[in-house]
Every structure is written in C-alpha cells, then in structure tokens.
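Q: Generate the whole structure from the sequences, applying the supplied hints.
Each chain is listed here by its residues.
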Amino acid sequence: MQNDSTTKTELDQNRAPIYEALERFRQMRVVPFDVPGHKRGRGNPELAAFLGQQCVGVDVNSMKPLDNLCHPISVIRDAERLAAAAFGAANAFLMVGGTTSSVQSMVLTACKRGDEIILPRNVHRSVINALVLCGAVPVYVNPEVDQRLGISLGMKREQVQKAIREHPGAVAVLVNNPTYYGVCSDLRAIVRMAHEAGMLCLADEAHGTHFYFGDGLPVSAMQAGADMAAVSMHKSGGSLTQSSLLLTGPGVHAGYVRQIINLTQTTSGSYLLMSSLDISRRNLALRGREVFRQVVAMAEYARGEINAVGGYYAFGRELINGNAVFDFDTTKLSVHTLDIGLAGIEVYDILRDEYDIQIEFGDIGNILAYLSMGDRSQEVERLVSALAEIRRRYHTDGTGLLSQEYIDPEVVTSPQQAFYADKISLPLRQAEGRVCSEFVMCYPPGIPILAPGERVTGEILDYIEYAKSKGCSMTGPEDPDILRLNVLK
Amino acid sequence: MELWFSEFHTPDVKHSIRVERQLYSKQSDYQRIDIFESPEFGRVLALDGNVMLTERDEFIYDEMITHVPMAVHPGIRDILVIGAGDGGVVRELTRYDRVQRIDLVEMDPQVVEACRIFLPGNACRLDDARVKIYFENALRFIRRCEAEYDLIIVDSNDPFGPSEGLFTREFYGICYNALREDGIMVNQQGSPFYAHDAEAMQRSHKRIVNTFPISRVYQAHIPTYAAGYWLFGFASKKYHPVDDLNVEAWRALNLRTRYYTPRLHVGAFALPAFLEDMLQEVEE
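Protein chains in written order, with the numbering used here: chain Y, 212 to 700; chain S, 98 to 381.
Don't read these hints as lab results, they were simulated from the structure. One thing to keep in mind: the hints can contain errors.
Restricting the straight-line Cα-Cα distance to at most 20 Å, the calculated cross-link-like pairs of lysine to aspartate or glutamate (EDC-like) are [said to hold, decoys possible]:
no., chain 1, residue 1, chain 2, residue 2
1, S, Lys303, Y, Glu689
2, S, Lys229, S, Asp255
3, S, Lys303, Y, Asp567
4, Y, Lys681, Y, Asp586
5, S, Lys335, S, Glu380
6, Y, Lys679, Y, Glu511
7, Y, Lys634, Y, Asp550
8, S, Lys303, S, Glu261
9, S, Lys303, Y, Glu327
A: Okay, here's the thing in structure tokens:
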C-alpha cells in the first residue's frame, strides 16, 4: 500500500506537523516584512476583533519553517504522509480550493482532451466543470431511480460493465461514494471491472470522509482499491470550509498529480485551512471510530423517532438491494416528505423560517439533515419535534405534488465544446429542442438538471419550472432568474 | 473568612450572596450543580452558576407559577411539569385534592437527587402517590402526547444553556398539542429588564403568541433573580387569566399562601408601560 517515502518515516498520528510548526512560529515572534499585508491583524483591527487574534496571527505566508504547499518538503509533506497513512492511501494531498479542486485535479489527472470518462449522471457540478476544462467526453451510466423516493441511486454493476464494453477506450470510471443521500454503488466490483479494462477508478467521496474511520460503514475508496479519491474533510471530517484532501493509490504517479494540482491551485495556500486539515486528521485518526459510532447512533435514533411521527419516511439500510444500493451510509439523515403533502424544499424553508433550524438541503421530495461530530442529542430532539409540528400544522393530502423523476440526458456534444461554442440566449420555453451551453441545477445539492452539451427537452423545462415554483434555489445559467437559457446557435 | 458567591446578571452587573459553606458540588451530564448555605437566603441552588432558587424566596416563584393557572381553570386534574427537579412546583400542586396526576419531566436526575438531600423543603412531596418522575428529554416526552393534560408548567433554566430547546416554537407547538381543548401552559418567561434577557423574553413571547389563541404575561418580584423582577407566561386555549379567575372557588379551598392572593393575581397582569410596548412589538 505505502510507497517508499512513507515507510521511511515513523508515522505517529498523535503529531500534527503544520499545527506544531505554527505554534513554534508564533513563539519566534518573527517580524513580518512579507505578505499578508494585515501583518498578524495589526493593519486590520476590525478583522482581528471579528476573527480573533489567535486566528489572524497564523494567517501567514509560506516560508522556510512552514513549508510551501506548491512543493512540500518539510512540515506539509509530513502532514500529507500522516494523512495518507491515516486514510490508507499511497499519497495524500492537502487541498485548499474545496473538494471541487480535489475532484477537478482527479479528473484532470486521468483525462486529456477527447478522452472518454464513464460516470453516473448524478455527479456534482465540479465533475462536469472539470470536463469543460480538459475537454474529456462524458459517457453517462444512468443511475437507478427509487420511484417512491424520487432519488437517483448508485450504478448497477451490469450498467457499468456495459459502458466499459461499449467504450473500451475510456480512461476512467468515476463513482459517487456515496451520493448526497448516502447511497453507495458496489465500489469493489467497479474498481475490478475498471482495472481489468485498463481504466482508472476515481471516487467522489465528498460525502464519505467518515468511511475511513467507521465501523459498519460502507467501504472507502482506498480500501476498495480505487486509484484516486476526493475527500471532503470539511464535511464529516470537521476541518474548515474549503479544506479538502485528494488521495491516490499506488498506481498513480504522485509527481504528476502535484503538477496537475499546481495548474489551478493558489500559490498562497491558507495556513488556517492547512492547519485545520492537520488537526482534523489527527482527531480522526485518534478518535474517529468512537466519534462516528456516536454519529451513527444519533442518526439511527433520529430515523426511528421521525418514522414514529408518521407521514415522513426517514430511509436507511432497508434500501440496500445488493446492486444499485450496494450499501447505505447510516450517518445520512434523509427524509421523504411528500406523504405529508409538502415538497422537501417546503419543509426545508419552514424549518429555517419558523423553527430556526437550518438543514443541508431540501429537494422536490426529500430533505437531508446533516449529522456530524458536532451534534448533540438536544438539537436532534428539536429537529424531530419541529418535523412533528410541521406535520401537525401543514399536513395535506398532497395533490398536485410532483415526485422527482430522473431525466435521461441526451448528450449531443462534449461539455467543453458546448461551453465555448457560439451561442444565443433564448426564453426558457423557446430553448426546447436546442443544445444547452450551460448548467442548470438546484443548489444544494448541485447535481445538474442540464449540463453543457445536452439537449433541452420539454420534460426538463417542466421540471425546472416546477422546482422554481416550489422555491428551489436554482443556479448555473448566466440569467440569474433562469427565465432564459444559453443554447448553441 | 469571607466567602461570596457571585452571579453575573449582565457582563457589567453582578449579584453576590455571602456563603457560609458549600454543601454540594457536582458536574452532571448536563450541567454543574451547586448548593450553598448562606446567612441571608438560606440554602441556594445554582445550575451552571445561575441561581435557580433560594430557600428564602422560592415561595414567590413556586406559588406564582402554580396558583395562577389553578385558580383560573377549575377542572385541572392532569398536569405535566417540565424541569422543576427541585420539587417546589410539585409541592404546591399536591396541595390541591382535585389533582389526580402530576408527571414531572426532568432531564437531569442529579438535580433531583441533590435536592432530595439538601432542599427537603422543596422536594418533600416528590414521593406523593400522584407524582411520577420521568428523567427524559422534554421534547421527546411531550411530542408523544396528544390532548392528555389540563395544565403544563414549564419551569426551565434560562434559554442560553441546556434548556434552550424549551423556548422554541417546536416546543410550544408540541405543548399545545399535548393539552386538552381547554388546557393552559404556564412558563417562566425570564426578566424584561436587562437587554439580553429582554430580547430572549420577546423571542419566546412571540413564539407563544403564534401558537396559542390566548397569551398573557404576568409578573412577580423575586429578589435573587436578575433585576429582582420576573415574568411568567400564561398561554391558553380557552380560559382568560383574569376574566375567568374564580375567586370564590379558590378561597373555598382554604389554601394558605405567602405571596399569591386572588387580588394580587389580577394585579400581576397589569404591566408597566415599557413592558407592554415590548410585548406589543412582537404581538403584531
């Protein structure tokens, strides 16, 4: 598993090299004639008062004692080795541009212009953005759909096999591990199929950091033998927003990955983000199993309580069917709401506006409450009680509610060609039949309804209008009100 | 030797009580529990450093939170009490023969244990046959109840700690649902004097107004609470706290009280102008 460099060093997960270097640096009281210009906050007292001296004092630049993210040779390299060991990867890269940057680096490493990449259509926008950047062509595997819940599931093994057979020249297979809702495909089998066909297997683990530290949780990408994984440490891992990890297996050349990362990554990597990754990795390595055992227990308790309210369906492991739902992430608290007569997005809005409870997202038929290491039982009781109240106050028979349908996309041209092609802006309804040059999605979850290069159909337009009418926050197009769409000339 | 217990009522105001000795101190799963012996106030119970009660002035709080609803609604038989692990509220309620059931939901068993030992004057009726104690999260307990109680008394800590959930819209909603069609909910509503407390009072009053058709606030003078000035909320599905006060019926019970009287009952709902303004602001 481990490459030469990691086996040479004694890896002690109690250490946090970046954090320790920053503590030493603080003691040195170095006089700053370098950037950042706020000079430990002195030049911006209002910011220092708001964020705290402790915080602005370590917002510093790369320098010898603190290493350099673009070319790590000391404390950052050590932190990356510790992260690699903790996650069972050959190499780990600290990322400061969000998991978006991890996903893009993964795709850009695997694909060149014109290469085919096999992926499910319910990927995050960052994946298709990466295709716009590099010019690779998507081969979509239609995910299975749960008709009752209206959610996209994982990819069936046969579907992946079929895509591989029909596109033997594809360079990689990308898998959500898990989806936003916690659904996992049979990752081990997909890795095997990809490798047999000479393809890489990439995993978007934006919602799966805890898989590396959980008992009874789905298999992690590195354990399943995948080649690369984008891991959102700032989600279930507990680090600061925008910090992330890119993990690679033994079959991927680390030096090349570093070059790819440096194509788009800032040369002023934030030490706030990097130290948060370092400290969070230490916490996960030392206490992760216990922490996630508690998160699972809390989520299972909440699921039981919400299902006892009646009307709601908080789904869990019973969805597992050995293929399109090969496994389920029990830390995810997703609740189907249509049976109380409210769209998920409506419950999401009521929770925030009337109960001061902010959940992760609501879509047409479901809500997702994100549970993590920071939650306590008293807040879970509030959430469950608020859902009970919403049912009591707003319950209807649900006529006129649509379930979410998976709409099979027709890919006409590559995302890159469509994005850069000559285009015109048309009123939404007049765009029917044309090829879209931009994204349309509800955010969150950020899974495109339309991606560049796809045919605009009447069904898709109906869906967009319905989602808008229910109050979904729609993003993507140039026109912020989504009254017009850019399509190819 | 001088030993003083101080509580900050705001970051710039503190209230200090001279202490003779500390009788009890324990960190429970939820909070730090302390009991002191003091020359002026007798025994003092503090949770997370906030005075919950003193032997000297607890009667004011416990009488006002119980006798006001009991004197309005003649049919109160089934009662739910939230918090109040010291037993003072239960002690007052058990004085009414018509009460058949008192369910006490307290999250922290340590509070009850400590009060049984060191505050027997409050805890003395916790073993009454009508009283059943549930050590549970109140939201979890109440959301399973529908039209079960005539009265719910919410005797919580302040809204900035583990009791935060008892000041929320979802909590008031499930209480409404747990009450019978003529039920009443009475809660401690904090103090309107210092800005921080006043804002919390307004927030919770707004939520109650949005939940119950009748919602009124009444006041009492409690020396050891912030500003010595305390509010209670009276929320009801049917009974008006003053118009439906049955003076004769209450007097016929011959209950001896030290603070509450039916005359004071009426007066307690007459509020100062600044407070009326504050309440109106959120009622609109």
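Q: Evaluate each hint against the coordinates.
A: Now for the hints, and whether the structure bears them out:
Using a Cα cut-off of 20 Å, the hinted pair Lys303 of chain S and Glu689 of chain Y is violated, with the two alpha carbons roughly 41 Å apart. Taking the CA atoms of Lys229 of chain S and Asp255 of chain S, the gap is near 24 Å; set against the 20 Å cutoff, the hint is violated. The hinted pair formed by Lys303 of chain S and Asp567 of chain Y meets the criterion: a straight-line CA distance of about 13 Å does not exceed 20 Å. Under the criterion of a C-alpha separation no larger than 20 Å, the hint pairing Lys681 of chain Y with Asp586 of chain Y is inconsistent with the structure, at around 29 Å.
The suggested pairing of Lys335 of chain S with Glu380 of chain S holds, with an alpha-carbon distance near 19 Å, which does not exceed 20 Å. Distance check on the hinted pair: Lys679 of chain Y and Glu511 of chain Y sit about 32 Å apart at the alpha-carbon level, beyond 20 Å; violated. Taken as a hint, the Lys634 of chain Y and Asp550 of chain Y pair is broken in the structure, with Cα atoms around 42 Å apart against an allowance of 20 Å. Using a Cα cut-off of 20 Å, the hinted pair Lys303 of chain S and Glu261 of chain S holds, with the two alpha carbons roughly 15 Å apart.
A C-alpha spacing of about 58 Å is found between Lys303 of chain S and Glu327 of chain Y, which places the hinted pair above 20 Å, so the restraint is violated.
In this structure, the earlier hints numbered 1, 2, 4, 6, 7, 9 are contradicted, and the remaining ones agree with it.
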